[in-house]
Amino acid sequence: MSEPSAVLTGLNPPETSASEPRAKRKSKDFKRNNAVGYLFISPWLIGFFLFAFIPIAISLYLAFTNYHLLRGGEWVGLDNFERMFTSDIRYGRSVIATFKYVLTAVPLRLIFALAVALLLNTKRHGVYWFRAAYYIPSVIGGSVAVAVMWRQLFGGDGRVNEGVINTFIGVLGFERVNWFGNPDTAIWTLILLAIWQFGSPMLIFLAGLRQIPAELYEAASIDGAHGWQKFIGVTLPLLTPIIFFNFIMQMIAGFRVFTQAFVITGGNPLDSTLFYALYLYRRAFNDFQMGYASAMAWVLLLIIAFFTLISFRLSKYWVFYETKEG
Amino acid sequence: MEQTLDFSAHKRVQRRAAISRTVFYYVGVTLLAVVMLYPVAWLVSSSLKPADEIWGSVTSLIPSAPRFENYAEGWQGFGGITFQIFFGNSFLHAGVGTIFTVVSSALVAYGFGRVKFRGSGIWFSIMLMTLMLPSQILMIPQYIIFNELGWINTFLPLLIPRLGGDVFFIFMIVQFIRGIPIELDEAALIDGCGKVGIFHRIILPQIVPALVTAAIFSFYWTWEDFLGPLVYLQNPELYTVALALRAYTDVGSINNWGAVFAMLTLSLVPVILIFVFFQRYLVEGIATTGLKG
Numbered sequence: 001m002s003e004p005s006a007v008l009t010g011l012n013p014p015e016t017s018a019s020e021p022r023a024k025r026k027s028k029d030f031k032r033n034n035a036v037g038y039l040f041i042s043p044w045l046i047g048f049f050l051f052a053f054i055p056i057a058i059s060l061y062l063a064f065t066n067y068h069l070l071r072g073g074e075w076v077g078l079d080n081f082e083r084m085f086t087s088d089i090r091y092g093r094s095v096i097a098t099f100k101y102v103l104t105a106v107p108l109r110l111i112f113a114l115a116v117a118l119l120l121n122t123k124r125h126g127v128y129w130f131r132a133a134y135y136i137p138s139v140i141g142g143s144v145a146v147a148v149m150w151r152q153l154f155g156g157d158g159r160v161n162e163g164v165i166n167t168f169i170g171v172l173g174f175e176r177v178n179w180f181g182n183p184d185t186a187i188w189t190l191i192l193l194a195i196w197q198f199g200s201p202m203l204i205f206l207a208g209l210r211q212i213p214a215e216l217y218e219a220a221s222i223d224g225a226h227g228w229q230k231f232i233g234v235t236l237p238l239l240t241p242i243i244f245f246n247f248i249m250q251m252i253a254g255f256r257v258f259t260q261a262f263v264i265t266g267g268n269p270l271d272s273t274l275f276y277a278l279y280l281y282r283r284a285f286n287d288f289q290m291g292y293a294s295a296m297a298w299v300l301l302l303i304i305a306f307f308t309l310i311s312f313r314l315s316k317y318w319v320f321y322e323t324k325e326g
Numbered sequence: 001m002e003q004t005l006d007f008s009a010h011k012r013v014q015r016r017a018a019i020s021r022t023v024f025y026y027v028g029v030t031l032l033a034v035v036m037l038y039p040v041a042w043l044v045s046s047s048l049k050p051a052d053e054i055w056g057s058v059t060s061l062i063p064s065a066p067r068f069e070n071y072a073e074g075w076q077g078f079g080g081i082t083f084q085i086f087f088g089n090s091f092l093h094a095g096v097g098t099i100f101t102v103v104s105s106a107l108v109a110y111g112f113g114r115v116k117f118r119g120s121g122i123w124f125s126i127m128l129m130t131l132m133l134p135s136q137i138l139m140i141p142q143y144i145i146f147n148e149l150g151w152i153n154t155f156l157p158l159l160i161p162r163l164g165g166d167v168f169f170i171f172m173i174v175q176f177i178r179g180i181p182i183e184l185d186e187a188a189l190i191d192g193c194g195k196v197g198i199f200h201r202i203i204l205p206q207i208v209p210a211l212v213t214a215a216i217f218s219f220y221w222t223w224e225d226f227l228g229p230l231v232y233l234q235n236p237e238l239y240t241v242a243l244a245l246r247a248y249t250d251v252g253s254i255n256n257w258g259a260v261f262a263m264l265t266l267s268l269v270p271v272i273l274i275f276v277f278f279q280r281y282l283v284e285g286i287a288t289t290g291l292k293g
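Residue numbers (our numbering), protein chains in the order written: chain A, 1 to 326; chain B, 1 to 293.
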């Protein structure tokens with residue numbers, strides 16, 4: 001051992017000292033591994049205390065104060081929560097906008113992902129390239145560049161008559177839509193962006209589809225099942241754990257969506273796209289109401305935890321786990 | 001005789017059905033690919049169009065004459081700061097951040113994956129629990145702390161926390177390490193290697209694919225990160241590309257859209273390159289661990 005780590009390796013017991021009683025050596029071994037173990041995990045452990053544990057404690061405290069970044073603040077008990085649920089109209093709007101987004105974007109994205117995965121689950125030539133093509137939007141989709149482009153596609157900045165989408169709509173003979181001027185349509189620009197990025201759940205579905213044993217399809221065929229029946233009877237039940245996993249991941253991500261709304265709609269019009277994370281950011285970093293924003297963050301955690309818990313509870317009614325008896 | 005004829009006719013019908021199904025399939029997946037890639041193609045083509053053509057013939061994907069000056073003009077940036085500065089900042093942020101993240105994650109993963117120590121189970125569970133925390137909870141107190149330290153308008157708040165590693169990657173590498181036969185460790189132990197020796201002689205070479213996957217995801221997530229730089233970097237000289245693009249397009253009256261689209265396109269090049277060269281790692285990383293892409 002000529003490495004600079006020789007000092008550390010010295011902590012390990014010399015395996016050859018046969019004269020030492022076995023039990024004693026073992027306990028020593030254990031102790032020394034403690035030091036090595038904590039040494040290796042120390043980057044995370046230190047980071048956890050400095051950048052997670054202490055901030056969590058501070059955040060919890062701030063949630064019960066009216067702390068303002070520049071003016072300071074004092075303990076106000078449950079005032080922040082009372083204000084959220086009774087007097088802050090915009091907070092209510094942001095919750096509604098977020099639920100609307102999560103409840104439409106997440107199922108639609110998963111349905112698309114599953115449909116396309118089924119389409120690509122074949123041994124035909126060139127499938128590899130189509131998979132790559134469908135995945136590209138997901139690689140670049142989280143970027144500011146795509147968000148800026150998306151706004152222009154839908155005719156942002158008063159280009160209702162010049163946007164690409166509206167031009168196509170016009171060619172098809174429909175009336176052009178003022179996407180960003182109407183509270184009912186603005187949120188759809190963000191939902192469509194979410195659907196466009198179905199790549200990750202699609203890849204996970206594809207991996208899951210490949211795991212389904214061919215024998216099961218053969219058995220179904222012998223029983224006289226055809227395409228659609230095989231899908232309902234074999235594919236879908238075996239895929240439910242993966243559908244569930246994707247649903248949980250996408251739902252949590254959906255509740256936290258920020259960049260797209262910040263860049264594309266800015267929460268407008270009439271707060272119809274003022275998503276939770278966006279409103280929280282504005283309260284914290286534009287208004288510097290960090291006590292109030294901390295309280296909002298904890299409520300967000302509770303909302304996400306609640307829906308995750310409900311989903312797990314409901315999962316036993318529809319998620320099919322096959323390996324009970326091996 | 002009659003029977004064989006009948007049989008071949010049946011076969012012919014079957015084959016014709018298979019061919020038409022194949023044609024139908026490829027037309028379908030191609031159409032979908034066109035829809036999926038149209039916005040990207042439109043972005044790239046607009047970056048090569050003269051300003052009046054971008055909105056004049058908005059759906060056309062082929063510029064009448066490619067105008068590469070858009071890139072030179074866009075590169076000039078705004079407020080006297082060129083995109084060279086912004087790209088430099090982004091590479092610093094994503095490059096250093098990725099190195100910090102991957103090195104720390106590998107060390108921590110080895111600690112959890114191969115070293116037996118008191119409390120390892122508890123710490124591992126606590127670590128996984130932090131995955132559930134919305135970043136919104138940590139964001140505000142972290143800002144207050146970094147503000148007190150005088151770290152606002154530096155890269156420190158974006159880089160120093162990454163020395164703690166990333167829980168997602170740690171978890172992924174731990175899984176990877178647990179798949180390596182323990183006999184290799186034992187053989188090295190007999191040869192006189194300590195835990196550290198085993199780490200860098202036995203484990204490290206084996207987990208390279210996991211580290212590459214972690215590095216790829218880390219780099220491209222950081223490259224696209226917007227909220228972190230938005231919160232900590234207010235001085236335009238420190239803007240990352242994402243922040244610069246946002247500021248560039250937020251002024252309201254943009255005359256040179258060609259230059260804007262040129263910079264939007266350019267900002268996607270590193271991510272696209274990663275995708276082209278490391279697609280296998282990306283796909284496997286998502287398919288096997290559910291890393292969000």
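Please note that the accuracy of each hint is not assured.
Below, simulated SDA-like cross-link-like pairs (lysine to any residue); rule was C-alpha separation at most 25 angstroms, straight line [stated by the list, open to error]:
{"id": "1", "chain 1": "A", "residue 1": "K123", "chain 2": "B", "residue 2": "V167"}
{"id": "2", "chain 1": "A", "residue 1": "K123", "chain 2": "B", "residue 2": "F68"}
{"id": "3", "chain 1": "B", "residue 1": "K116", "chain 2": "A", "residue 2": "S42"}
{"id": "4", "chain 1": "B", "residue 1": "K11", "chain 2": "A", "residue 2": "E218"}
{"id": "5", "chain 1": "B", "residue 1": "K116", "chain 2": "B", "residue 2": "V167"}
Only part of the chain A face toward chain B is listed, based on derived beta-carbon distances under 8 angstroms [unchecked claim]:
{"id": "6", "residue": "W44"}
{"id": "7", "residue": "A133"}
{"id": "8", "residue": "G233"}
{"id": "9", "residue": "V234"}
{"id": "10", "residue": "L280"}
{"id": "11", "residue": "A293"}
{"id": "12", "residue": "L302"}
{"id": "13", "residue": "I304"}
{"id": "14", "residue": "F306"}
Taking CB as the label site, the calculated pair distances span [as the list claims (entries may be wrong)]:
{"id": "15", "chain 1": "A", "residue 1": "L103", "chain 2": "B", "residue 2": "S64", "range": "53 to 59 angstroms"}
{"id": "16", "chain 1": "B", "residue 1": "I180", "chain 2": "A", "residue 2": "F174", "range": "54 to 60 angstroms"}
{"id": "17", "chain 1": "A", "residue 1": "D223", "chain 2": "B", "residue 2": "I62", "range": "23 to 29 angstroms"}
{"id": "18", "chain 1": "B", "residue 1": "I126", "chain 2": "A", "residue 2": "L314", "range": "36 to 42 angstroms"}
{"id": "19", "chain 1": "A", "residue 1": "T86", "chain 2": "B", "residue 2": "I62", "range": "27 to 33 angstroms"}
{"id": "20", "chain 1": "A", "residue 1": "A35", "chain 2": "B", "residue 2": "V34", "range": "58 to 64 angstroms"}
{"id": "21", "chain 1": "B", "residue 1": "I272", "chain 2": "A", "residue 2": "P241", "range": "43 to 49 angstroms"}
{"id": "22", "chain 1": "B", "residue 1": "V103", "chain 2": "A", "residue 2": "G227", "range": "48 to 54 angstroms"}
{"id": "23", "chain 1": "A", "residue 1": "L314", "chain 2": "B", "residue 2": "I99", "range": "38 to 44 angstroms"}
Hints listed in this document are in silico derivations from the structure and should not be mistaken for laboratory results.
Here the structure is a predicted model, which means the values were calculated and not measured.
Just so it is clear, CB atoms sit at the ideal spot from N, CA and C, and this is done for glycine as well.
Note to self: I want to verify a distance hint. Is the separation of the beta carbons of A/L314 and B/I99 within 38 to 44 angstroms?
What the structure shows: 43 angstroms, holds
Notebook entry, point to check: Given a hinted range of 43 to 49 angstroms, is it respected by the beta-carbon distance of B/I272 and A/P241?
Noted result: 33 angstroms, violated
Checklist line | Hinted contact A/V234 with chain B - closest CB pair below 8 angstroms | finding: Interface hint status for A/V234: violated (21 angstroms vs cutoff 8 angstroms).
Notebook entry, point to check: Taking the CB of A/L103 and the CB of B/S64, does the distance hold inside 53 to 59 angstroms?
Noted result: Violated, since A/L103 and B/S64 (Cβ atoms, about 45 angstroms apart) do not stay within the stated range.
Notebook entry, point to check: Under the criterion of a CB-CB separation shorter than 8 angstroms, is A/I304 in contact with chain B as hinted?
Noted result: Hint on A/I304: holds, closest Cβ of chain B at ~6 angstroms, below 8 angstroms.
Item checked: Status of the hint placing A/W44 at chain B (closest C-beta pair under 8 angstroms) -> Because about 4 angstroms separates A/W44 from the closest Cβ in chain B, which is inside the 8 angstroms limit, the hint holds.
Next item on the list: May I ask you to test the interface hint for A/L280 with respect to chain B, counting a Cβ-Cβ separation under 8 angstroms as satisfied?
Entry: Holds, because the Cβ-Cβ distance from A/L280 to chain B comes to roughly 6 angstroms (cut-off 8 angstroms).
Next item on the list: Sort out whether B/V167 lies within 25 angstroms of B/K116, counting only the CA atoms.
Entry: Cα-Cα ~19 angstroms, so holds.
Item checked: Closest C-beta approach of A/A133 to chain B relative to 8 angstroms, hint status -> Where the cut-off is 8 angstroms and the nearest Cβ of chain B is about 4 angstroms from A/A133, the hint holds.
Next item on the list: Just tell me: holds or violated, for the beta carbon distance of B/I180 and A/F174 against 54 to 60 angstroms?
Entry: Given a distance of about 59 angstroms, which is inside 54 to 60 angstroms, the answer is holds.
Margin query: Does B/F68 sit within 25 angstroms of A/K123, going by the straight-line distance between their CA atoms?
Written below: Distance of about 41 angstroms is beyond 25 angstroms: violated.
Next item on the list: With chain B as the partner, please determine if A/L302 meets the hint condition of a C-beta pair closer than 8 angstroms.
Entry: 10 angstroms, violated
In this structure, the earlier hints numbered 1, 2, 8, 9, 12, 14, 15, 17, 18, 19 and 21 are contradicted, and the remaining ones agree with it.
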